[in-house]
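Starting from the given sequences, assemble the full structure and let the hints guide the process.
4 protein chains.
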Amino acid sequence: MKKYSEIRELAYLANMEIQAKGLAIYTFGNASAFDPDLGLFAIKPSGVEYGDLSPDMMVVVDLDNKTADGKLRPSSDTKTHSRLYKSFPGIGGVCHTHSSFATAWAQARKSIPVLGTTHADHLPNPVPCTADMSDEMIDGDYEDMTGRVIAETFASLRLDHLHTQMALVASHGPFTWGKSAATAVYNAVILEEIAKMALYTVQINPGHGRIPEKLIEKHFYRKHGAGAYYGQENISSAPKI
Amino acid sequence: MKKYSEIRELAYLANMEIQAKGLAIYTFGNASAFDPDLGLFAIKPSGVEYGDLSPDMMVVVDLDNKTADGKLRPSSDTKTHSRLYKSFPGIGGVCHTHSSFATAWAQARKSIPVLGTTHADHLPNPVPCTADMSDEMIDGDYEDMTGRVIAETFASLRLDHLHTQMALVASHGPFTWGKSAATAVYNAVILEEIAKMALYTVQINPGHGRIPEKLIEKHFYRKHGAGAYYGQENISSAPKI
Amino acid sequence: MKKYSEIRELAYLANMEIQAKGLAIYTFGNASAFDPDLGLFAIKPSGVEYGDLSPDMMVVVDLDNKTADGKLRPSSDTKTHSRLYKSFPGIGGVCHTHSSFATAWAQARKSIPVLGTTHADHLPNPVPCTADMSDEMIDGDYEDMTGRVIAETFASLRLDHLHTQMALVASHGPFTWGKSAATAVYNAVILEEIAKMALYTVQINPGHGRIPEKLIEKHFYRKHGAGAYYGQENISSAPKI
Amino acid sequence: MKKYSEIRELAYLANMEIQAKGLAIYTFGNASAFDPDLGLFAIKPSGVEYGDLSPDMMVVVDLDNKTADGKLRPSSDTKTHSRLYKSFPGIGGVCHTHSSFATAWAQARKSIPVLGTTHADHLPNPVPCTADMSDEMIDGDYEDMTGRVIAETFASLRLDHLHTQMALVASHGPFTWGKSAATAVYNAVILEEIAKMALYTVQINPGHGRIPEKLIEKHFYRKHGAGAYYGQENISSAPKI
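Chains as they are written, first to last, in the numbering used here: chain A, 1 to 241; chain B, 242 to 482; chain C, 483 to 723; chain D, 724 to 964.
Warning: the hint list may mix true and false statements.
[As the list claims (entries may be wrong)] Label pairs and their in silico Cβ distance ranges:
id, chain 1, residue 1, chain 2, residue 2, range
1, D, G950, B, K244, 31 to 41 Å
2, B, G292, D, S728, 19 to 29 Å
3, C, L644, D, D787, 31 to 41 Å
4, C, R692, A, A226, 46 to 56 Å
Please keep in mind that the hints were generated in silico from the structure rather than gathered at the bench.
All C-beta atoms, glycine included, are put in the ideal place defined by N, C-alpha and C.
Shown next, in the form of structure tokens:
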């Protein structure tokens with residue numbers, strides 16, 4: 001359908017970027033693009049390799065996880081995406097990868113502390129890792145619960161989901177989001193970089209703690225908000241879409 | 242011989258994939274393709290570099306390790322392959338690599354615990370590491386014994402070789418298998434990814450243990466068996482052959 | 483303006499080399515080229531991706547951080563560059579990256595000890611890591627202070643900035659410099675290599691200390707100064723510009 | 724001179740392979756090819772980048788380190804090469820790299836234990852690391868002493884230089900050799916692979932020791948000596964030259 005062609009194209013490009021940036025192998029990972037006016041998102045079909053994808057294969061799904069358009073089964077993680085769109089107003093894309101270092105922090109069930117300005121440039125607090133899911137949650141509507149446990153982590157830590165656009169699901173892996181599908185994938189790349197540097201940092205200095213609050217604020221707010229002075233007024237330094 | 246051309250082609254493609262995925266350098270590693278009707282398999286010739294291979298160089302060998310067709314010596318690991326075909330009914334391919342992280346776990350003589358859902362997506366228990374081989378086994382029919390020690394490990398741990406399609410041979414390296422030679426190499430790639438994430442995970446959190454049984458089951462069975470809902474009904478998410 | 487075309491071209495080439503050598507992703511990092519006769523330097527515009535750069539986009543700035551020519555905002559780290567040009571006479575280029583291993587040592591707030599001759603070939607002492615910046619420094623003219631804390635580290639350690647052409651800013655990352663912008667980037671590559679080997683070295687032998695002074699001197703002075711015998715008289719082994 | 728064209732070509736190809744295999748950056752590293760009939764070897768010129776090399780730039784040097792032919796200065800490590808040719812009869816090539824993992828073991832001043840069969844396939848004992856050089860040795864004929872300390876290590880450990888074609892010079896890095904320059908570089912690649920796996924192995928299992936002697940012998944002698952059964956009779960599995 002023509003009215004879905006834009007989110008399909010955006011979702012397709014974001015999924016291809018997952019592979020181009022080396023964040024997933026084979027059929028691992030997925031990205032989606034949300035249209036708030038339609039109340040629908042386009043997402044990668046389940047279990048199809050990146051090299052075999054085309055825009056028209058993206059499955060269009062509503063927020064109740066019903067397929068609105070498309071011949072294939074949507075990603076098995078579709079309910080996590082829809083839960084995040086419902087819980088986090090204002091976002092336009094979600095991305096899930098199995099990138100090595102971010103997944104390792106998730107498997108270690110540890111939030112990534114703010115160990116340097118590369119981290120603070122992008123978010124003003126640790127990358128949060130969720131609590132373990134209970135057996136009841138796993139036995140229940142598992143993929144929906146995966147989204148819920150992220151939203152609950154943000155609520156309990158009083159995190160702003162527009163400032164912190166990434167989370168680690170314990171024993172599972174990273175989920176990222178943003179104003180668009182492209183930004184969600186951009187955040188997945190940034191998270192992998194932060195996760196890699198953080199592992200090396202604690203290997204060099206195991207007793208290392210969080211950097212001073214003032215330095216975090218300085219770096220975060222020179223790139224974000226009203227007082228930002230990083231970048232150009234008419235050229236976005238983040239993804240163009 | 243024309244009747245061997247299919248397994249030769251399959252073995253050739255699988256061996257080339259070992260190199261393409263960076264799982265072995267120079268002449269390291271080997272893959273074979275088995276035809277259960279013929280009772281024969283095609284395997285890489287010993288000590289030939291990947292770049293020099295062609296389908297007709299694959300050596301066709303029977304389950305008694307006698308060359309049925311081919312001018313070259315088969316892989317020095319041929320007896321390990323035939324032992325696995327004899328011990329593990331239903332498999333159609335075997336792969337052996339020297340990939341860095343999987344080999345490191347084998348050299349460390351440690352099974353890889355189930356530390357996350359990437360692992361549980363593919364197998365529902367640790368990647369088993371065999372016991373050390375005795376001097377008598379090494380002095381005996383060594384390559385056959387290498388296959389036997391894998392089969393014995395599966396027997397003593399009561400593992401299903403169709404659920405767990407990979408093993409680490411202590412002090413040596415990884416062996417993987419599957420319904421085809423392509424799936425065997427696919428499993429070698431997955432194993433290397435699991436092994437890498439597992440090392441990083443224990444570096445971040447050395448006290449980390451196995452994830453909850455419920456989560457392992459959830460992830461394994463959403464991709465495998467009668468209740469699976471991952472992937473498409475008509476598109477395989479694993480190798481096409 | 484034609485008189486700025488040379489430093490623009492040099493700055494452009496140096497910035498492109500940051501990306502080519504894998505020292506930064508997206509818009510991270512920056513390099514500048516200084517003309518001592520003009521008292522001006524050309525620097526990467528803020529927040530523009532490497533693939534979008536062209537020589538004419540380089541911003542020409544004076545040592546008071548005023549834009550002399552150019553339509554874009556200069557790098558947000560511009561004041562750090564100008565401070566280094568003012569503090570370190572004789573240098574013609576500055577480079578800042580977020581390369582993984584060097585950034586990890588900076589985040590760990592550790593100087594990199596001289597653990598081998600690869601290090602000693604390039605500098606005769608540890609790669610110094612600055613002290614933490616105080617809240618007042620961060621709240622003040624932050625980017626200028628970043629340059630000052632590097633200069634103060636060199637003063638307090640009595641380091642020669644022409645012998646040691648690199649520093650780690652605590653909790654932030656690496657800054658390098660040299661006779662030209664190309665040499666500054668060359669030094670950033672060397673620093674990343676030294677930082678990587680140093681992490682692996684302390685992982686193998688955690689109690690490792692500095693190598694003998696005599697060996698440091700031998701390697702540094704066979705490549706530098708009047709008695710050097712490395713390289714060719716008429717072919718530079720360092721960057722050609 | 725025409726009579727030197729063969730060793731120049733062999734040395735050139737070996738040096739280019741150092742770069743192709745990622746064992747050195749910029750001007751780091753060097754390889755040489757020896758002609759025992761002429762008593763001369765061709766070696767990389769000092770401080771020239773790999774991309775700028777051509778066969779005719781290789782410098783032909785005799786075993787007293789006098790240039791027999793060539794316009795450029797030979798590698799600053801030339802005396803180490805000539806010392807190895809004099810100490811180790813039967814070798815036809817020497818290679819020195821700064822590959823990351825092998826250099827890290829050298830910097831850690833640790834021999835690499837035999838932790839698996841990948842190692843045992845290539846040499847039947849640890850990769851030896853030399854003792855530290857004394858200040859007198861460093862102040863003396865340093866590069867010749869570097870070769871001597873390798874030869875002395877082999878003498879004191881009673882190692883066969885044709886079985887063990889590699890060594891780590893403490894605080895410096897790896898040197899490898901072989902029947903040809905190509906084999907010397909091949910051994911440098913193997914050493915880097917062994918060094919990488921060994922670091923990962925001790926990270927997974929810090930208490931790990933040497934594998935059983937029987938397993939070392941099995942793997943080494945299935946590839947080397949009269950009873951070898953690895954490879955083809957008419958196709959070399961090692962470099963063709």
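So, going through the hints one by one against the coordinates:
1. D/G950 / B/K244: 31 to 41 Å: Cβ of D/G950 to Cβ of B/K244: about 35 Å, so the range 31 to 41 Å holds.
2. B/G292 / D/S728: 19 to 29 Å: 27 Å, holds
3. C/L644 / D/D787: 31 to 41 Å: 37 Å, holds
4. C/R692 / A/A226: 46 to 56 Å: Holds - the Cβ-Cβ distance for C/R692 and A/A226, about 48 Å, lies within 46 to 56 Å.
Taken one by one, the earlier hints all hold for this structure without exception.
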